[in-house]
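Chemist: To convert, count from 1 in the sequence shown and add 2; that's our numbering.
Warning: the hint list may mix true and false statements.
Stated by the list, open to error - No more than 25 Å apart at the CA atoms, straight line, and that leaves these computed lysine to any residue pairs for SDA-like:
id : residue 1 : residue 2
1  : Lys-104   : Leu-42
2  : Lys-104   : Val-134
3  : Lys-194   : Gly-144
4  : Lys-141   : Leu-161
5  : Lys-194   : His-120
6  : Lys-194   : Met-212
7  : Lys-130   : Gly-184
8  : Lys-140   : Arg-187
9  : Lys-130   : Asp-62
10 : Lys-141   : Ala-80
11 : Lys-104   : Tyr-40
12 : Lys-141   : Thr-199
13 : Lys-140   : Pro-157
14 : Lys-194   : Leu-164
15 : Lys-140   : Asn-49
16 : Lys-140   : Arg-220
17 : Lys-140   : Ala-80
18 : Lys-130   : Lys-140
19 : Lys-140   : Ser-113
20 : Lys-140   : Ile-191
21 : Lys-194   : Asp-227
22 : Lys-194   : Ser-142
23 : Lys-104   : Pro-78
24 : Lys-130   : Gln-55
25 : Lys-104   : Gly-144
26 : Lys-141   : Gly-184
27 : Lys-194   : Ala-214
28 : Lys-141   : Arg-74
29 : Lys-130   : Gly-75
30 : Lys-141   : Ile-191
Claimed, not checked - With beta-carbon atoms standing in for the labels, derived distance ranges:
id : residue 1 : residue 2 : range
31 : Asp-13    : Arg-220   : 55 to 63 Å
32 : Asp-62    : Glu-116   : 26 to 34 Å
33 : Gly-236   : Ile-166   : 21 to 29 Å
34 : Lys-104   : Gln-246   : 17 to 25 Å
35 : Thr-135   : Ala-235   : 32 to 40 Å
36 : Glu-116   : Val-21    : 26 to 34 Å
37 : Lys-194   : Thr-34    : 36 to 44 Å
38 : Leu-20    : Lys-194   : 45 to 53 Å
39 : Val-174   : His-120   : 17 to 25 Å
40 : Asp-13    : Glu-229   : 48 to 56 Å
It should be emphasised that the hints constitute simulated quantities derived from the structure, not laboratory data. Even for Gly, the Cβ is constructed at its ideal location relative to N, Cα and C.
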Amino acid sequence: MSIIEKGIVSDSETLQQLVALRLGGEPLSYITGTKEFYGLEIAVNHNVLIPRQETELVVDLALEYIGNRLNRGSRPVADVADVCTGSGAIGVAVAVNCDNVKIVASDINSSAIEVAEHNFNAHGVADKALMVTSDLMKKSPGPYDLILCNPPYIPTAMLTTLAIEVQNEPVVALDGGVDGLGVFRRLMIQSKSALRTSGAIIVELMPEQMEAALGFARNNFPGADVEHIEDLAGNPRALTVYQQA
3 MSIIEKGIVS
13 DSETLQQLVA
23 LRLGGEPLSY
33 ITGTKEFYGL
43 EIAVNHNVLI
53 PRQETELVVD
63 LALEYIGNRL
73 NRGSRPVADV
83 ADVCTGSGAI
93 GVAVAVNCDN
103 VKIVASDINS
113 SAIEVAEHNF
123 NAHGVADKAL
133 MVTSDLMKKS
143 PGPYDLILCN
153 PPYIPTAMLT
163 TLAIEVQNEP
173 VVALDGGVDG
183 LGVFRRLMIQ
193 SKSALRTSGA
203 IIVELMPEQM
213 EAALGFARNN
223 FPGADVEHIE
233 DLAGNPRALT
243 VYQQA
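Could you put the whole structure together from the sequences, leaning on the hints where they help?
Modeler: Next comes the structure, spelled out in structure tokens:
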């Protein structure tokens, strides 16, 4: 619960608390308890990563893929995995903007799953979602038409160099191992059996990791179209895997 949600004791006291928190590096979204994402108000707390604007690219690509499948007369996208869901921002945005999809939102942190469930309910799409506490897709093996993921991808050695606000976010949602691709590699391996033959994968990563990630994805999906997509700043941000039936 944010300080604002707890109620205002007095204007001056609340202001002093807010200033102290901000000076201490507390992210504003944790203070207010919300973050705008894809035009939606997403509830957040210390158990989840704060959604970023660049992550909206994952939603853009997901909606484009779902729409293209419909336009081609292909099998509609019905089953979508939102892996490392955190606040549920990606899954909620897809569910709000798509009919007839079922989102399986999974996270290793059960407290994060509670936040995601709240957000699916708050936006009226809980009927499209299943919440699963799981290490990636171990307890939710699919099959899926579309796998979406914003995994932890910060190299461990970089964590202490991050802005103090970012360091106040959950380490489990940031730490991607030695080169930042530890979780990504496990995701790709699990996806080989979880993804339908005509399915797609969309993953957010750091620009500096993209070449190594592309090579790993191509080795695991040799017949697929594996690409990177740039964000609005022109940086390689999303890795996509498109399989053809």
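Chemist: Against each hint, give a clear statement of whether it holds in the structure.
Modeler: Tested hints:
| no. | hint | result |
| --- | --- | --- |
| 1 | Lys-104 x Leu-42 | holds (19 Å) |
| 2 | Lys-104 x Val-134 | holds (13 Å) |
| 3 | Lys-194 x Gly-144 | holds (11 Å) |
| 4 | Lys-141 x Leu-161 | violated (29 Å) |
| 5 | Lys-194 x His-120 | violated (31 Å) |
| 6 | Lys-194 x Met-212 | holds (19 Å) |
| 7 | Lys-130 x Gly-184 | violated (30 Å) |
| 8 | Lys-140 x Arg-187 | holds (14 Å) |
| 9 | Lys-130 x Asp-62 | holds (19 Å) |
| 10 | Lys-141 x Ala-80 | holds (19 Å) |
| 11 | Lys-104 x Tyr-40 | holds (19 Å) |
| 12 | Lys-141 x Thr-199 | holds (20 Å) |
| 13 | Lys-140 x Pro-157 | holds (23 Å) |
| 14 | Lys-194 x Leu-164 | violated (33 Å) |
| 15 | Lys-140 x Asn-49 | holds (21 Å) |
| 16 | Lys-140 x Arg-220 | holds (22 Å) |
| 17 | Lys-140 x Ala-80 | holds (20 Å) |
| 18 | Lys-130 x Lys-140 | holds (21 Å) |
| 19 | Lys-140 x Ser-113 | holds (18 Å) |
| 20 | Lys-140 x Ile-191 | holds (11 Å) |
| 21 | Lys-194 x Asp-227 | holds (14 Å) |
| 22 | Lys-194 x Ser-142 | holds (14 Å) |
| 23 | Lys-104 x Pro-78 | holds (12 Å) |
| 24 | Lys-130 x Gln-55 | holds (24 Å) |
| 25 | Lys-104 x Gly-144 | holds (11 Å) |
| 26 | Lys-141 x Gly-184 | holds (19 Å) |
| 27 | Lys-194 x Ala-214 | holds (18 Å) |
| 28 | Lys-141 x Arg-74 | violated (32 Å) |
| 29 | Lys-130 x Gly-75 | holds (23 Å) |
| 30 | Lys-141 x Ile-191 | holds (15 Å) |
| 31 | Asp-13 x Arg-220: 55 to 63 Å | holds (58 Å) |
| 32 | Asp-62 x Glu-116: 26 to 34 Å | holds (27 Å) |
| 33 | Gly-236 x Ile-166: 21 to 29 Å | holds (27 Å) |
| 34 | Lys-104 x Gln-246: 17 to 25 Å | holds (23 Å) |
| 35 | Thr-135 x Ala-235: 32 to 40 Å | holds (34 Å) |
| 36 | Glu-116 x Val-21: 26 to 34 Å | holds (29 Å) |
| 37 | Lys-194 x Thr-34: 36 to 44 Å | holds (41 Å) |
| 38 | Leu-20 x Lys-194: 45 to 53 Å | holds (48 Å) |
| 39 | Val-174 x His-120: 17 to 25 Å | holds (19 Å) |
| 40 | Asp-13 x Glu-229: 48 to 56 Å | holds (52 Å) |
Violated hints, in rising order: 4, 5, 7, 14 and 28; the structure is consistent with all others.
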